[in-house]
Amino acid sequence: AQSVTQLGSHVSVSEGALVLLRCNYSSSVPPYLFWYVQYPNQGLQLLLKYTTGATLVKGINGFEAEFKKSETSFHLTKPSAHMSDAAEYFCAVSETQGGSEKLVFGKGTKLTVNP
Amino acid sequence: NAGVTQTPKFQVLKTGQSMTLQCAQDMNHEYMSWYRQDPGMGLRLIHYSVGAGITDQGEVPNGYNVSRSTTEDFPLRLLSAAPSQTSVYFCASSPLRVGRYEQYFGPGTRLTVT
Chain P
38 AQSVTQLGSH VSVSEGALVL LRCNYSSSVP PYLFWYVQYP NQGLQLLLKY TTGATLVKGI
98 NGFEAEFKKS ETSFHLTKPS AHMSDAAEYF CAVSETQGGS EKLVFGKGTK LTVNP
Chain W
11 NAGVTQTPKF QVLKTGQSMT LQCAQDMNHE YMSWYRQDPG MGLRLIHYSV GAGITDQGEV
71 PNGYNVSRST TEDFPLRLLS AAPSQTSVYF CASSPLRVGR YEQYFGPGTR LTVT
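Line by line, the protein sequences are chains P and W.
For the first sequence, the working numbering begins at 38 and goes up steadily by one.
For the second sequence, the working numbering begins at 11 and goes up steadily by one.
Hints should not be assumed to be uniformly reliable.
What the hints assert, rightly or not - When the alpha-carbon atoms are kept at most 30 Å apart in a straight line, the in silico DSSO-like pairs for lysine-lysine are as follows:
1. P/144 to W/19
2. P/86 to P/106
3. P/86 to W/19
4. P/147 to P/105
5. P/95 to P/106
6. P/144 to W/24
7. P/86 to P/147
8. P/105 to P/144
9. P/95 to P/147
10. P/147 to W/19
11. P/86 to P/105
12. P/144 to P/106
To be verified - Okay, the calculated bits of chain P under chain W, using three or more residues with CB under 8 Å as the criterion:
13. 98-111
14. 143-149
Bear in mind the hints are in silico, worked out from the structure with no lab data behind them.
Even glycine gets a Cβ: it sits at the ideal position worked out from N, Cα and C.
Make a model of the complete structure from these sequences and hints.
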């Protein structure tokens, strides 16, 4: 079964600083990879996804992530943090078992942006 | 389009009570799922459905029942509520290939069991 590890349950950055949120997955077969964002008291919304093709994926709000097969990683970055980026971020990978597909989520990283 | 809607937004139950969390989507998505979100645990899959009449268990199915009589609706039933079921519940839907496509999430139901 797939597992997803997000390093750091809390990350704090200053406004304007680089944001780096780490995600590693367990599968040796390249899966489909996602980052979702959850703003306070809301549901999750898709930030970006990797299915096939270019390994550097651009998402909404200036975020991007790079799929590195050799490192089984899919880290999320943004060059310059904004106060509105404060939220919880979840990495997810697809898993296929017995013909059915599911998403497996990491435990989440809460991003705080300091003025 | 309303997207994915969930009712109620908040609910307090006493131990042993039963209730149904409602979920509906208007995007004609085949795949629907229920997750629970607990602090430090991320989202864990409870049950999912790949179409009307077809449901399957996820990672944490005990204490919950589902059925899917229409494409639009996917209710989650708590049979006999326990304090361990205190959580935030999210319903989500997507086109069938959930591994490839975005899941659309509802706003959540915050459930407290006393």
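Now the hints, each set against the structure:
| no. | hint | in the structure |
| --- | --- | --- |
| 1 | P/144 to W/19 | 23 Å, holds |
| 2 | P/86 to P/106 | 15 Å, holds |
| 3 | P/86 to W/19 | 29 Å, holds |
| 4 | P/147 to P/105 | 23 Å, holds |
| 5 | P/95 to P/106 | 17 Å, holds |
| 6 | P/144 to W/24 | 28 Å, holds |
| 7 | P/86 to P/147 | 19 Å, holds |
| 8 | P/105 to P/144 | 20 Å, holds |
| 9 | P/95 to P/147 | 21 Å, holds |
| 10 | P/147 to W/19 | 23 Å, holds |
| 11 | P/86 to P/105 | 14 Å, holds |
| 12 | P/144 to P/106 | 21 Å, holds |
| 13 | 98-111 | violated (count 0) |
| 14 | 143-149 | holds (count 3) |
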